[in-house]
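The whole structure should be built from the sequences, with the hints applied where relevant.
Okay, here's what each chain looks like letter by letter:
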Amino acid sequence: MKKNLSRYSILFFCLIFILSACSSNQASEGSITALFTEVNPAPLSVEDSESRVEMAQKIREIILTFDDLYDSAIVLGKEDCLVAIKVRHTKRFRMKKIEKELKETLEKEFPNENFTVSSDYKIFLEAVRLKDKVKEENWPVDKREEQLQKIIKLSREQT
Amino acid sequence: MSQKEKTPEQKEYDQLQKKHETKRPILRNCVVAFFVGGTICLIGQAISFLYIYFFNFTEQTAGNPTVATMIFISMLLTGFGVYDRIGQFAGAGSAVPITGFGNAVISSAIEHRTEGFVLGVGGNMFKMAGSVILFGVFSAFVVAIIKTLITQWFLGGF
Amino acid sequence: MLKGEQSWVFPRRPVIVATGVTGGPFEGNGKLAEDFDLLHDDLWMGEDSYEKAHRLLIDEAIEIALKKAKLQKENIEFLIAGDLINQITPTTFAARNVGIPYFGISGACSSSMEGLALAAFIVNYQGAKHVLTGSGSHNAAAERQFRYPTEYGGQKPPTAQWTATAAGFAIVTEQNEQNQNEPKVTMATIGKVIDMGMTDPFNMGGAMAPAAVDTILAHFKDTGRTHEDYDLIVTGDLAKVGRAAALDLIHAKGIDLPSEKFQDCGLMIYKDDQEVHSGGSGSGLSAAVLYGHLLKQMKYGTYKKILCVATGSLHSPLSVQQGESIPCIAHAVAIEMD
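Residue numbers (full-length UniProt numbering), protein chains in the order written: chain A, 1 to 159; chain B, 1 to 158; chain C, 1 to 338.
Derived by calculation from the structure, the hints in this document are not laboratory data. Ideal placement from N, C-alpha and C gives every residue a C-beta, glycine not left out. No false leads were slipped in.
Rough simulated footprint, nothing fancy, chain C against chain B, three-plus residues with beta-carbon under 8 angstroms:
1. 14-24
2. 75-84
3. 100-110
Quick list of in silico lysine-lysine cross-link-like pairs, DSS-like style, CA-CA up to 27 angstroms:
4. K103(A) <-> K153(A)
5. K156(C) <-> K23(B)
6. K96(A) <-> K58(A)
7. K147(B) <-> K100(A)
8. K147(B) <-> K97(A)
9. K11(B) <-> K221(C)
10. K6(B) <-> K192(C)
11. K156(C) <-> K19(B)
12. K305(C) <-> K129(C)
13. K135(A) <-> K78(A)
14. K19(B) <-> K261(C)
15. K96(A) <-> K78(A)
16. K23(B) <-> K271(C)
17. K304(C) <-> K31(C)
18. K18(B) <-> K261(C)
19. K96(A) <-> K147(B)
20. K192(C) <-> K3(C)
21. K156(C) <-> K11(B)
22. K68(C) <-> K299(C)
Chain B is nowhere near these chain A residues, computed Cβ spacing over 12 angstroms in every case:
23. D67
24. E104
25. E145
Spelled out as structure tokens, the structure:
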């Protein structure tokens with residue numbers, strides 16, 4: 001019996017060890033909800049000029065016409081535009097197709113922008129985090145663009 | 001195989017014996033397997049979200065570390081002698097997810113530790129998981145060929 | 001003396017003077033824990049492999065039996081024993097340690113009664129004064145050879161049986177003035193290999209039942225006895241499925257054997273809440289239950305005459321994988337107090 005007890009205590013400590021390793025928190029508080037619920041963040045433009053902000057708004061309106069999506073985060077950069085979407089659960093089998101359709105529609109509408117459409121939760125999360133950072137810490141334009149490029153690079157990673 | 005046709009006497013006994021044979025509770029096994037398997041997958045999903053949220057992994061790339069973590073947990077449970085009890089209770093529920101594969105490898109490794117590292121652990125580690133690997137790779141190969149043929153000839157070829 | 005076709009009668013009535021019974025942790029939690037002379041609370045038993053632990057179980061059972069009989073190993077002429085492991089190595093190593101001239105027998109779970117019958121025969125015809133016989137089994141050692149690694153999480157069907165970690169040894173001696181009050185071996189029936197075409201190694205009870213019935217019927221036919229001559233007919237390790245099937249087969253032959261007189265060692269040793277599926281099995285199980293529990297009960301006067309039928313399924317993992325059916329055997333020994 002004594003042996004059993006020591007067995008379980010080792011197991012217990014291993015679990016504590018794993019869990020504590022995971023909780024080295026580096027994220028902002030509000031963004032956890034972005035993984036599970038609908039947040040509908042306002043579109044973000046890296047540059048503050050009125051025309052760009054308006055354009056980001058327009059992109060959002062086009063995205064809203066897609067019924068298969070229920071949430072989207074838009075980051076409009078200098079030349080690139082990141083569109084992170086959440087596809088409805090029942091439509092997830094068609095996810096790649098929906099991404100492609102959306103990309104084609106947007107490219108037809110705004111031929112001068114490079115669109116990156118991603119349905120990955122991580123990209124969505126990072127887009128929301130970027131928006132929060134911009135708002136809370138008043139990031140300058142360069143830093144915003146840099147972070148946007150990082151996210152776009154992350155979305156291209158395969159393994 | 002050397003399976004011979006049964007004699008009438010053997011068939012008769014088979015009938016008699018079947019009456020007493022306790023049947024596998026198939027419905028109960030299915031339900032339990034569904035829920036335990038689902039719970040294991042839920043834990044996997046939670047770990048996957050942890051990797052996405054706290055580390056720089058996307059949904060695409062979080063798969064590998066999640067699998068590694070699940071196998072690590074199943075290794076601990078096997079070593080502490082818990083997994084075989086879960087297995088008896090849950091059947092396919094704990095055998096089908098990746099943890100079941102980990103258990104098959106690790107339990108063989110532990111079992112043959114007494115025969116030394118090279119011939120014991122090394123030689124017998126994949127005793128049970130070996131066929132999973134072989135037929136897993138083979139079926140993936142077959143499916144990939146079928147997929148390539150279909151997409152090349154019927155969809156993209158014209 | 002041969003009687004009938006396959007039975008022996010021992011007119012000099014060899015005596016079982018002493019027994020040694022050892023067991024593992026699972027048996028220690030069972031119903032018959034008090035009948036064991038020595039119980040280990042760990043499957044490894046301080047050894048570095050399960051096979052060595054298996055050997056230790058046998059070593060200790062032999063030692064205890066010798067001590068109880070107040071005999072030295074030099075006094076014992078022969079050792080007749082066997083177990084389940086490949087080439088019966090644990091028994092062989094134990095025989096090496098004890099240094100008694102040795103017959104190794106491989107009758108799977110029927111080894112215990114095979115050994116007792118042979119020992120009684122040798123003693124009866126003055127081939128020896130004292131013969132040591134018995135068998136052992138170890139759960140984890142058998143599990144890894146016949147089934148899966150111990151920690152593997154495969155689901156066993158309800159017809160599966162639990163191999164006991166136990167060893168039981170007895171010393172069979174010529175009758176003299178001092179040992180009048182000990183149980184005596186009076187008859188034995190050697191069984192034929194019976195194969196009913198069963199192929200499921202997770203249902204050994206069902207496969208072995210016809211062999212047990214065949215031997216019991218042969219015993220009745222050869223010796224002219226009926227079930228009324230016995231207070232108890234106990235089978236080795238048929239467990240729930242096999243016992244029910246065997247009882248059906250006996251009743252079908254027109255023998256009205258009451259079910260409470262037909263017991264099974266595999267069902268006696270474990271408690272109901274222990275997860276052994278259909279029941280216990282293993283060559284050590286019938287030896288431990290007979291030499292530990294039943295002989296004690298006979299001395300208390302609960303039973304006067306018993307017929308012990310140890311059943312064995314003689315398959316190997318290889319033969320099962322090659323699709324062969326499971327050949328089974330049973331040996332019966334009559335033990336009496338008077």
